[in-house]
Amino acid sequence: MARTRVEQQPAATGTTLVVMVGLSVAFLLFMAFLNVVKSGNLLNESNLLYASLIFYAAAGSLYLGFGVTGVASYVRFASLATWAGLLANTGAVAHRWYEAGHPPFASIYEMLLSFVWTLAVLTLIAEKKYGVKVIGTVTMPVAIVGVVLMQLLRTDVHPLVPALQSTWLHVHVTLAMLAYAACALSFALAMMFLIQDQMKTETFLAATSLFTIAIYAGILTRFEKWGGLNVIGWNPEQKSEMFVAKGMRLFVVIPELGWLMLVVLVAVAAPFALYLAFRLKEDENFLAIANRAVFVSILLQALSLVFFLLRVRDGRYPSLDVDGLFPTSLQASPFILSGLVGGIFASLLYLLLLWRRQDLERMLPSSEDLDRITYKTIAIAFPLLTLMIAAGAYWANRTWGSYWSWDPKETWAAITWLVYAGYLHMRITRGWRGRRAAYFAILGFGVVMFTFFGVTYLLSGLHAYA
Amino acid sequence: MAGSLARASRKFWQTVSSIKTGVILLILVVIVSAAGTIILQRPVTEPDEMQRAYSPQMLQLLDALGLTDIFHAWWFVLLLVAVSFSIVAASIERFPNAWRYVARPYKSTDEIFRKALPNQVRLAVRDEAFAIAAAERAFRRMHLKPERVTSEHRTSLYAEKHRISEFAVYIVHASLLLIFLGGIVDAVWGWRGFISLTRGETSNQVQMRDGSTRVLPIAIRCEAAGQENYTDGSPKKWWSKLVVVDAGRDTLRKEIVVNDPLVYGGIRFYQSSYGMTGKVDKLVLNATSDKAGTQEISLNVDEVAQLDPDTTVKFAEFIPDYVVRDGQIYTRSTQVDNPAAHLIVESRKSGKSVNYWIPAIEGFEQNAASPYKFEPKDLKMAYFTGLQVSHEPGQWAVWAGVILMGLGLAIVFYLVHTRFWATVVHDANGTLQLWVGGAANKNKDVFEHKFRKLVEEIQSELKQQKETCIPEHEHEPSLAGVGNR
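Those protein sequence lines, which keep their order, are chains A and B. When you line the first sequence up against this note's numbering, it's residues 22 to 487, in that order. When you line the second sequence up against this note's numbering, it's residues 260 to 744, in that order.
Be aware that one or more of the hints could be misleading.
[Stated by the list, open to error] Taking lysine-lysine and the DSS-like style, the derived pairs with C-alpha atoms no more than 25 Å apart in a straight line are:
| no. | chain 1 | residue 1 | chain 2 | residue 2 |
| --- | --- | --- | --- | --- |
| 1 | B | Lys608 | B | Lys573 |
| 2 | B | Lys573 | B | Lys538 |
| 3 | B | Lys703 | B | Lys404 |
| 4 | B | Lys709 | A | Lys149 |
| 5 | B | Lys611 | B | Lys573 |
| 6 | B | Lys573 | B | Lys541 |
| 7 | B | Lys538 | B | Lys496 |
| 8 | B | Lys712 | A | Lys150 |
| 9 | A | Lys397 | B | Lys712 |
| 10 | A | Lys149 | B | Lys703 |
| 11 | B | Lys709 | B | Lys374 |
| 12 | A | Lys397 | B | Lys709 |
| 13 | B | Lys709 | A | Lys150 |
| 14 | B | Lys636 | B | Lys541 |
| 15 | A | Lys150 | B | Lys703 |
| 16 | B | Lys703 | A | Lys397 |
| 17 | B | Lys722 | B | Lys404 |
| 18 | B | Lys500 | B | Lys538 |
| 19 | B | Lys709 | B | Lys722 |
| 20 | B | Lys722 | B | Lys712 |
| 21 | A | Lys397 | B | Lys420 |
[What the hints assert, rightly or not] Between beta-carbon pairs, the in silico distance windows are:
| no. | chain 1 | residue 1 | chain 2 | residue 2 | range |
| --- | --- | --- | --- | --- | --- |
| 22 | A | Arg270 | B | Arg422 | 51 to 61 Å |
| 23 | A | Leu464 | B | Ala332 | 40 to 50 Å |
| 24 | B | Pro635 | A | Pro276 | 52 to 62 Å |
| 25 | B | Ala267 | A | Arg457 | 28 to 38 Å |
| 26 | A | Arg243 | B | Asp469 | 28 to 38 Å |
| 27 | B | Arg422 | A | Leu464 | 29 to 39 Å |
[Claimed, not checked] Selected chain A positions facing chain B (in silico; Cβ < 7 Å):
| no. | residue |
| --- | --- |
| 28 | Val166 |
| 29 | Pro404 |
| 30 | Leu405 |
| 31 | Trp427 |
| 32 | Thr432 |
Rather than coming from a laboratory, the hints here were simulated on the basis of the structure. Computed from a prediction, not measured in an experiment: that's the story for all the values here. The C-beta atom is built at its ideal place from N, Cα and C for all residues, glycine as well.
Make the full structure from the sequences, and use the hints.
Now the structure itself:
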């Protein structure tokens, strides 16, 4: 029933091309603003990173392009692009390692570098070994967001403070990256399982809409001030956030951006409201409008991203706490930025599903296989998570004399572990298969992301390095 | 009455050992710990920061509910104990089932089992002894150790691998309990504190987190300590040369750095910080008088130096960052930003004492009256090395638990308990058949390949024996029921 309702668009319509081209332009603009191509040595780290970004982006758009046109050979090229991106990424990791004299795990920038590398490797393994050809549709966007975030975070090599000079640190972080990449893979596989398991397209519509609502509601509740957007000030000389007093950050208000975000919130909420109307009235017309609303919301989201980038980059803004005008930077708001980019990707993935579901289903392994591979990835991730926590505890014990301090990062790592432990128990003793297991895998990855990013940026603690 | 009691206790046991209870408890732990990361926690957060973050009523409420120190609250410990009980009960409840695989392995098959087993094949054979021998060789070639089981009228083969896989879950659960045990031991008998030492200082007093002092049975002396910097000025290494003084004797000597503690008698000393005490180690002065000329003296606080037979100078006071307010001298910080030294010059004969200040602070100094003029040459500040001291008697249980858990998880996920059977049976028409069956407790898809390989080996063995063998198609290895735990 769900299938018949899906609008199957003719291949490569004018509109989709416009969207693709428009997004690439927005993206290139964005990158140009970040001055990623720096002069100097051709094979320096930032150039290598930029190369890997281009290849990953190419891989991502080829996967998307496959979605739009249904041409199977795109997937092969996408896989080639992933290889090329991985090569450049490996170069960047090696360069960093050589320059810093320690494996690149010491800051969130270096960890992202390693994370993206691991993700690309696992994507290729999943593709070659398990035949999950389109896994990159989900993992490549994650890799792209990762590389873009890296451009914003500090890149100069920092010497390690005494507490970080330990082999156990490398063990701990390597395990963490491997475990988190495996979790990301299990998330992608679980999503694909849901597609293959005949989950209704409109359910994905509701989920996408809720996800974007959460992003914008989160940004607005945390940062909105009188129609403006309250972001942290940035000191360009010291390359650090500005502080009013010790521990109190200086916030500057970018006017009007709050209103724009509010409009976008309404736009991303519209598909969900229409979905509810569809469920109540059982009228398919609502669904057709909802799909158009997703399209509109993508345009508005892209608009808000571009405005956010432009306003943050130039201009000085007043603060509510201190007189004067202060600059800010994208580096000061990685949270907002990754939220905006993530929202656009989620909505685009929904469009891909909406238009090309049958091709996707043809390309994917059977739902039983996906279910099994999801479990297998978690069976790899869980021991890695365990060892990661153990190595971290051992390191903390050598450094601070205490193996467990209930620090937020530690606690959330334990929560992640418990969630996956719950998944395994439900699967093994209760025989949870299919949907419920897939939901659990998705929840698990959500917790992983919160542990990785959320704890670093929202909660404070001992784990201040990353 | 007794019956109802037994029923009630059985019901209670079923509830405690159920997976549902376990999962509900785990969800509770998750919610509570998540709350503990969002609500600011004492004593990690300073009291004034707590007051800034919450309104007084709110803070009172949070304190009263124990939400400001969740991870040390009695109810949180109770929750963890409940989780432990649930794990123990669930394991006890399920253990007999696993034990059966070991105590009474199912070696010779019966008709019902042979019908129901998903992985099986029937091969036509001529002679029972030949068929069993061929199967035995094939088993061996698959690195299995077949065992001949002879019942009253038939011989069959049985082989198994990785039986321990059935126990892996209990290993993991036991390891978790071991970790909990270590944690509880440390929570009850362990402690953590801080010692700060300057060079040459000896101490056995540990400052505890709650402000109290713990006296150690041994003392620790710092012979030297220092910091090495990167070229950009950020600290690269902190080190301290420590000596353990036990019963008046120096018993252990070690240079510690961050990440490499000194351990003595279960007490661990960690390098945790290094910095200025705000106190003077040495002040070097040029003292000049008309009569005696210039001499260099070096003083510590409260130290007295003889300048000439009649005159002494005492280093009375050091103020690292002075400011004069309301006719008083204060220090703003312990940083040496604006130092001042107070000297007292005394003349024995006249009994006169003069306050000498470097620099001259108006209203306090009587520098002009002093027979000597002092000129500062060098100021060496005393540095302290900060040592974290801890006693964690339970940590060995924790590490043992961690290792056990790693092992257990490796077995849970990667070792499969596989069992194989082979026996000669007659089918409904009375023809002789070699029945081969296999079972695995997980990874059933991989197992199917293995099973098929075994069957192929048996077939080739049977061929070599010039036995005719025609696999019956209706009994091809079944692909139905492929699933995975």
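These are the hints, each one checked on the structure:
Taking the CA atoms of lysine 608 of chain B and lysine 573 of chain B, the gap is about 16 Å. The hint holds against a cut of 25 Å. In summary, the hint linking lysine 573 of chain B to lysine 538 of chain B is supported, as the alpha carbons are separated by about 16 Å, within the 25 Å threshold. With a C-alpha separation of about 21 Å, the suggested pairing of lysine 703 of chain B with lysine 404 of chain B holds against the 25 Å cut-off. Taking the CA atoms of lysine 709 of chain B and lysine 149 of chain A, the gap is near 22 Å; set against the 25 Å cutoff, the hint holds.
A hinted pair counts as satisfied when its Cα atoms are at most 25 Å apart, and lysine 611 of chain B with lysine 573 of chain B qualifies at roughly 13 Å. Between lysine 573 of chain B and lysine 541 of chain B the CA atoms are separated by roughly 13 Å; this keeps the pair inside 25 Å, and the hint holds. Between the alpha carbons of lysine 538 of chain B and lysine 496 of chain B the distance comes to roughly 22 Å, so the proposed pair stays at or under 25 Å and holds. Of the pairs offered as hints, the one joining lysine 712 of chain B and lysine 150 of chain A holds, with about 21 Å between alpha carbons and a cut-off of 25 Å not exceeded.
Distance restraint check for lysine 397 of chain A and lysine 712 of chain B: the Cα-Cα separation of roughly 23 Å lies within the 25 Å cut-off, and the hinted pair is therefore satisfied. Proximity of lysine 149 of chain A to lysine 703 of chain B is assessed by CA-CA distance (about 22 Å); at most 25 Å being required, the pair is judged to hold. At roughly 20 Å between alpha-carbon atoms, lysine 709 of chain B and lysine 374 of chain B fall within 25 Å of each other, so this suggested pair holds. About 18 Å separates the Cα atoms of lysine 397 of chain A and lysine 709 of chain B, which keeps this hinted pair within 25 Å; it holds.
Taking the CA atoms of lysine 709 of chain B and lysine 150 of chain A, the gap is near 19 Å; set against the 25 Å cutoff, the hint holds. At most 25 Å may separate the alpha-carbon atoms for a hinted pair to count; lysine 636 of chain B and lysine 541 of chain B meet this at roughly 11 Å. Distance check on the hinted pair: lysine 150 of chain A and lysine 703 of chain B sit about 18 Å apart at the alpha-carbon level, within 25 Å; holds. Only pairs whose Cα atoms come within 25 Å are accepted, and lysine 703 of chain B paired with lysine 397 of chain A is accepted, the gap being roughly 12 Å.
In summary, the hint linking lysine 722 of chain B to lysine 404 of chain B is supported, as the alpha carbons are separated by about 22 Å, within the 25 Å threshold. For the hint pairing lysine 500 of chain B with lysine 538 of chain B, the CA-to-CA distance comes to about 20 Å; that is within 25 Å, so the pair holds. Restraint check for lysine 709 of chain B and lysine 722 of chain B: satisfied, since their Cα atoms lie roughly 20 Å apart, inside the 25 Å limit. For the given pair, lysine 722 of chain B sits about 15 Å from lysine 712 of chain B by alpha-carbon distance, which is consistent with the 25 Å threshold.
Restraint check for lysine 397 of chain A and lysine 420 of chain B: satisfied, since their Cα atoms lie roughly 21 Å apart, inside the 25 Å limit. The hinted range of 51 to 61 Å is satisfied by arginine 270 of chain A and arginine 422 of chain B, whose Cβ atoms lie roughly 59 Å apart. Taken as a hint, the range 40 to 50 Å is violated for the pair leucine 464 of chain A and alanine 332 of chain B, whose Cβ atoms sit roughly 27 Å apart. At roughly 56 Å, the beta carbons of proline 635 of chain B and proline 276 of chain A sit within the given window of 52 to 62 Å.
The hinted range of 28 to 38 Å is satisfied by alanine 267 of chain B and arginine 457 of chain A, whose Cβ atoms lie roughly 33 Å apart. At about 35 Å, the beta-carbon gap between arginine 243 of chain A and aspartate 469 of chain B stays in the expected band of 28 to 38 Å. Distance hint for arginine 422 of chain B and leucine 464 of chain A: a CB-CB separation of about 35 Å, consistent with the stated range 29 to 39 Å. At its closest, the beta carbon of valine 166 of chain A sits 24 Å from a beta carbon of chain B; the interface hint therefore is violated under the 7 Å criterion.
A least Cβ separation of about 4 Å between proline 404 of chain A and chain B falls short of the 7 Å threshold, and the interface hint therefore holds. A cut of 7 Å between beta carbons decides the hint on leucine 405 of chain A: the least distance to chain B is about 10 Å, and the hint is violated. Because the beta carbon of tryptophan 427 of chain A sits about 4 Å from the nearest beta carbon in chain B, less than 7 Å, this interface hint is met. For threonine 432 of chain A, the suggested interface contact is upheld, since its CB lies about 5 Å from the closest CB of chain B, less than 7 Å.
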